[in-house]
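Start from chain L and add chains R, Z and G according to the hints.
For reference, the chains in residue letters:
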Amino acid sequence: MAFNKAQQLATFSRVWYLFDAKWQCPHMSGERIARILRGEHKPIYYPGESTGDCVIAINTRHVALRNDAWRSEALHIKREYAKTRYDIPLFKLHELDPTKVLHLCVLSCMPSDSIRRYDMARLYTFPDDAVPVHLIKNVCDQIRGSRVIPKRLDDLTPNDTKTFPQMFKWPKELVLDDLDRDKFVRVVPPEEIPKREVMLGQRAGKQNYWFHVPTSRHEEVKIN
Amino acid sequence: MVRLLRYGTIFGPLKDRWRYLYKRDLYKRRLEAGPEPERFRSALINWNYDAELYACTHRFGEKLNIESLRNAMTDASFLKQIVKQRTEAGLAATDQTTLAFTHNQELAKQGKQIAEDFLQKALHYWYPKFPQEGIEAITKFLLSESTIADISSGLGFKTLIRCDIPSPRPTMLTNALFAFIGSINENTGRSRAEVFVADFILTHLVGKDINEIWQVKNPMGLLTKVLEENGRQAPESRLIWATGVSSVLSTYVVGVYSNKEFLGKSAGATVSIAEEMAARDALRRLFETDEKRAQIPFDKLYKKGLLLDK
Amino acid sequence: MFISIGKAEINISTTFNVRANYPVRKFVHDNVHHDMEVQQLYTKVNNLVNDKFHQRLFAVIKIGDEQRKVTTEDIICKVDEFHPTIGDRIRFEKVLLVGSSDFTVVGRPILNPHFVRVEGIVIEKTLSQTQMEYWYAPRKKKVGARNYLWKDPLTMIRITNIELLGPIPGTNQSSSR
Amino acid sequence: MSQFLRRITSLPIQSIRSFHSFDEVTPAKYISTRLKNGVGSRYVCQLQRLTIQVCKEFRTSFGTRDWIANDLIKFAREHPYVVVYVQPRRHRAPNLVGEYLAGDRQWIPLSNCDREKVNWWIHSLLTQKGDPQWRLLKQMHTDSPSVQGIWTPFTNKPIDRITRTYPDKDLTEMEYPQITATQQIQELFEQQKLNKTS
Numbered sequence: 001m002a003f004n005k006a007q008q009l010a011t012f013s014r015v016w017y018l019f020d021a022k023w024q025c026p027h028m029s030g031e032r033i034a035r036i037l038r039g040e041h042k043p044i045y046y047p048g049e050s051t052g053d054c055v056i057a058i059n060t061r062h063v064a065l066r067n068d069a070w071r072s073e074a075l076h077i078k079r080e081y082a083k084t085r086y087d088i089p090l091f092k093l094h095e096l097d098p099t100k101v102l103h104l105c106v107l108s109c110m111p112s113d114s115i116r117r118y119d120m121a122r123l124y125t126f127p128d129d130a131v132p133v134h135l136i137k138n139v140c141d142q143i144r145g146s147r148v149i150p151k152r153l154d155d156l157t158p159n160d161t162k163t164f165p166q167m168f169k170w171p172k173e174l175v176l177d178d179l180d181r182d183k184f185v186r187v188v189p190p191e192e193i194p195k196r197e198v199m200l201g202q203r204a205g206k207q208n209y210w211f212h213v214p215t216s217r218h219e220e221v222k223i224n
Numbered sequence: 001m002v003r004l005l006r007y008g009t010i011f012g013p014l015k016d017r018w019r020y021l022y023k024r025d026l027y028k029r030r031l032e033a034g035p036e037p038e039r040f041r042s043a044l045i046n047w048n049y050d051a052e053l054y055a056c057t058h059r060f061g062e063k064l065n066i067e068s069l070r071n072a073m074t075d076a077s078f079l080k081q082i083v084k085q086r087t088e089a090g091l092a093a094t095d096q097t098t099l100a101f102t103h104n105q106e107l108a109k110q111g112k113q114i115a116e117d118f119l120q121k122a123l124h125y126w127y128p129k130f131p132q133e134g135i136e137a138i139t140k141f142l143l144s145e146s147t148i149a150d151i152s153s154g155l156g157f158k159t160l161i162r163c164d165i166p167s168p169r170p171t172m173l174t175n176a177l178f179a180f181i182g183s184i185n186e187n188t189g190r191s192r193a194e195v196f197v198a199d200f201i202l203t204h205l206v207g208k209d210i211n212e213i214w215q216v217k218n219p220m221g222l223l224t225k226v227l228e229e230n231g232r233q234a235p236e237s238r239l240i241w242a243t244g245v246s247s248v249l250s251t252y253v254v255g256v257y258s259n260k261e262f263l264g265k266s267a268g269a270t271v272s273i274a275e276e277m278a279a280r281d282a283l284r285r286l287f288e289t290d291e292k293r294a295q296i297p298f299d300k301l302y303k304k305g306l307l308l309d310k
Numbered sequence: 001m002f003i004s005i006g007k008a009e010i011n012i013s014t015t016f017n018v019r020a021n022y023p024v025r026k027f028v029h030d031n032v033h034h035d036m037e038v039q040q041l042y043t044k045v046n047n048l049v050n051d052k053f054h055q056r057l058f059a060v061i062k063i064g065d066e067q068r069k070v071t072t073e074d075i076i077c078k079v080d081e082f083h084p085t086i087g088d089r090i091r092f093e094k095v096l097l098v099g100s101s102d103f104t105v106v107g108r109p110i111l112n113p114h115f116v117r118v119e120g121i122v123i124e125k126t127l128s129q130t131q132m133e134y135w136y137a138p139r140k141k142k143v144g145a146r147n148y149l150w151k152d153p154l155t156m157i158r159i160t161n162i163e164l165l166g167p168i169p170g171t172n173q174s175s176s177r
Numbered sequence: 001m002s003q004f005l006r007r008i009t010s011l012p013i014q015s016i017r018s019f020h021s022f023d024e025v026t027p028a029k030y031i032s033t034r035l036k037n038g039v040g041s042r043y044v045c046q047l048q049r050l051t052i053q054v055c056k057e058f059r060t061s062f063g064t065r066d067w068i069a070n071d072l073i074k075f076a077r078e079h080p081y082v083v084v085y086v087q088p089r090r091h092r093a094p095n096l097v098g099e100y101l102a103g104d105r106q107w108i109p110l111s112n113c114d115r116e117k118v119n120w121w122i123h124s125l126l127t128q129k130g131d132p133q134w135r136l137l138k139q140m141h142t143d144s145p146s147v148q149g150i151w152t153p154f155t156n157k158p159i160d161r162i163t164r165t166y167p168d169k170d171l172t173e174m175e176y177p178q179i180t181a182t183q184q185i186q187e188l189f190e191q192q193k194l195n196k197t198s
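Which chain is which? The protein sequence lines are L, R, Z and G, in order.
Going by full-length UniProt numbering, the first sequence opens with residue 1, and the numbers climb by one from there.
Going by full-length UniProt numbering, the second sequence opens with residue 1, and the numbers climb by one from there.
Going by full-length UniProt numbering, the third sequence opens with residue 1, and the numbers climb by one from there.
Going by full-length UniProt numbering, the fourth sequence opens with residue 1, and the numbers climb by one from there.
No wet-lab data here; the hints were simulated from the structure.
Keep in mind that the hints are not guaranteed to be accurate.
[Unchecked claim] Below, a list of computed lysine to aspartate or glutamate pairs in the EDC-like style, where the Cα atoms sit at most 20 Å apart:
#1 Lys157/G / Asp102/Z
#2 Lys292/R / Asp102/Z
#3 Lys292/R / Glu212/R
#4 Lys29/G / Asp152/Z
#5 Lys300/R / Glu163/Z
#6 Lys22/L / Glu173/G
#7 Lys28/R / Asp16/R
[As the list claims (entries may be wrong)] From the derived model, a few chain Z residues whose C-beta atoms are all more than 12 Å from chain G:
#8 Val45
#9 Asn47
#10 Lys94
#11 Ile110
#12 Ala137
#13 Arg139
#14 Lys142
The beta-carbon is built from N, C-alpha and C at its ideal position, and this holds for glycine as well.
Next comes chain L alone, as it looks inside the complex (with noise of 0.2 Å):
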């Protein structure tokens, strides 16, 4: 085999990353990976070629959402045939499907182009760490999270309360909550929980929680 052969294998090999969405945002990681997918890393990118990469991306049930984008935030899938609106809030399309989330976000980050279906076709999502041996035999290389993961506040070591520096003092006639509300709890009997009427028309996608998802405006989920 010529030496210009194996330099261009080389040059044009296609390089299988690995991504660990624990904890990371998916729309930042998605720019990121979809960069990948391109091949716009890569100082011999070409828009006519494809010279992109394969991702592997685990973990997307764990990915982590800012504020309360999990509720508010929704997908909206647009059809103009009837009753084909619909406006799922990402909390319901994470219990369909752990990996659509991630997928979204790498989706939304392409151009939409014709290549942007084989680019993506490069991407595999998997929900845990489970990941075939064939696919992870290919993987060389990893991709970098995008954001610092932080600690969880159970998993704080009372040592680390002791040791943190106090900034300021408390004033000794504060109160803290010291309401027990676990006393007011008063169990909902099955009757008094408004049941789902039915509604068709221009209602029907929206109307599907009992609780009311302004998936537009920004407002407070009222759960009772």
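What follows is chains R, Z and G alone, placed relative to chain L:
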């Protein structure tokens, strides 16, 4: 601008029917008659052999006299043809007058010898670490008939050579070029002939890779032999990279090391190919004939004064 | 001046990397000129420069306000008028960058002619293919559309020689001081 | 003779119909030379033979006749490596045929060209390689495209990737994590302690 729609043919838009039929008939006759027989360039009117030879002497900046060039350009088959024509014309073999010119076999032998020596010297000087078999393989490739035939047809000897058939065969072309080198050697001296060889035969290597001309059957075996000579340990190959192992576009990058020192690396679709190419790459780096090697200074070989003393 | 050795880049004019919003480790601290480590770098690069036999050099050249990366034995094509005829040897003045496999010297903006010599020879002067420009002006009675045909004169130049004539400018003084 | 700018060329038989304007479809080539011309110490002019067919009487070859009368000797003396044949052909259009070393031929009709234009065409034949009018796919030609090594996905990657088993723990964090608020407070606290102790 309204354009009339007209019938059209390969001869252009159809104006008159009789013209179209006439041309179609001519075309059919041509196909039946077959291509024109090949003719000697000297058969055409605008041909003057002395002027051509005079121009040829000036073309390459070599000061040759016309007679030696005429000898270099005449082929043995041309002389045979003359003798045959004379015998047909009834002249007995004895009283045929000797010709003013001779064929170019001896000059060709001389030229080939000069070219061979010079090429060996130049390659050995510029690639000192390259083994002798490699240099011989390269000189054999450079002096092979096909290469020399291309070179001489590129120098315009195709029409200048006098031989029995219109387009000279590769052997005639090679003889002509070597005879030309021999005649330079006679007229102006060996150094001038060697500069000619450097400018036209050695430059044939410009686009080519030395390591590919010399096909090494078993690169790893050769590598072990070379390392033993240098007193280093046997080569080991390690996998440096492997992507897409189970996919179709799999790439392995294998590196060759001896006693933890890096020798060479290369990529391949499978591990065996990558290893073999890595061995070739290691050889290339050991012999210092890889891309970062400077190009052969074709015109400065003598200015560097390195070839004269050898 | 910016000298890069293989992978490690020595940024002589140290500038804080504005784009990165994180503290960038400085490769080279400020008073760098007379440091011992940089002296070795200068001497190493100068030795590489003298070793003429084994280093294929490449250069970036500006010709007819186009920049070309050239090595020896390669052909560049200059499009428009170019005075020299076939067989003329040219020396290129505007050399922006010179390098080999181990070092790269970048001029700001061009390198000193006493340091670098890049020569070429004119091989061929031909005409380009026939190029056509179609022009259309609506509502014009006499001539509404026009085809403008031309051929550009092309000149092919082969690069014959790239040489470094001396040590890298600016490095020998500091070593001698 | 220097070849001055000739942007507007009145090509003898340049009709729109014969012109093919689709750039992608026109025949194209890469730059190449015969026999690595120019690499060695000498340059070989590719034009071998030049045949000028001219009519002594017709008006169309007036320029060709002027050129032959005035410039032919100077041209032949300047370029001894080119064989020039002059063919007087009665009542025919003037032509220029250039034959090149590699055997290519170029034919240029000279009807109604004046002496200066004939000279220009002859010099364009002289400086050519033999097959002009190609669309160039690339403006340059190199045999050694890269000296420092062509980029591969592995050039700028750390070498330890092959030894790791994926998913790898320490490759998941950010490469240059920003200093979070808690870390800043802890650093300030340590500094305060240091200042107090020192």
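We went through each hint and held it up to the structure:
no. : hint                : in the structure
1   : Lys157/G / Asp102/Z : holds, 19 Å
2   : Lys292/R / Asp102/Z : holds, 9 Å
3   : Lys292/R / Glu212/R : holds, 16 Å
4   : Lys29/G / Asp152/Z  : holds, 16 Å
5   : Lys300/R / Glu163/Z : holds, 13 Å
6   : Lys22/L / Glu173/G  : holds, 11 Å
7   : Lys28/R / Asp16/R   : holds, 19 Å
8   : Val45               : holds, 15 Å
9   : Asn47               : holds, 18 Å
10  : Lys94               : holds, 17 Å
11  : Ile110              : holds, 20 Å
12  : Ala137              : holds, 18 Å
13  : Arg139              : holds, 22 Å
14  : Lys142              : holds, 18 Å
Every hint from the earlier list agrees with this structure, and none is contradicted.
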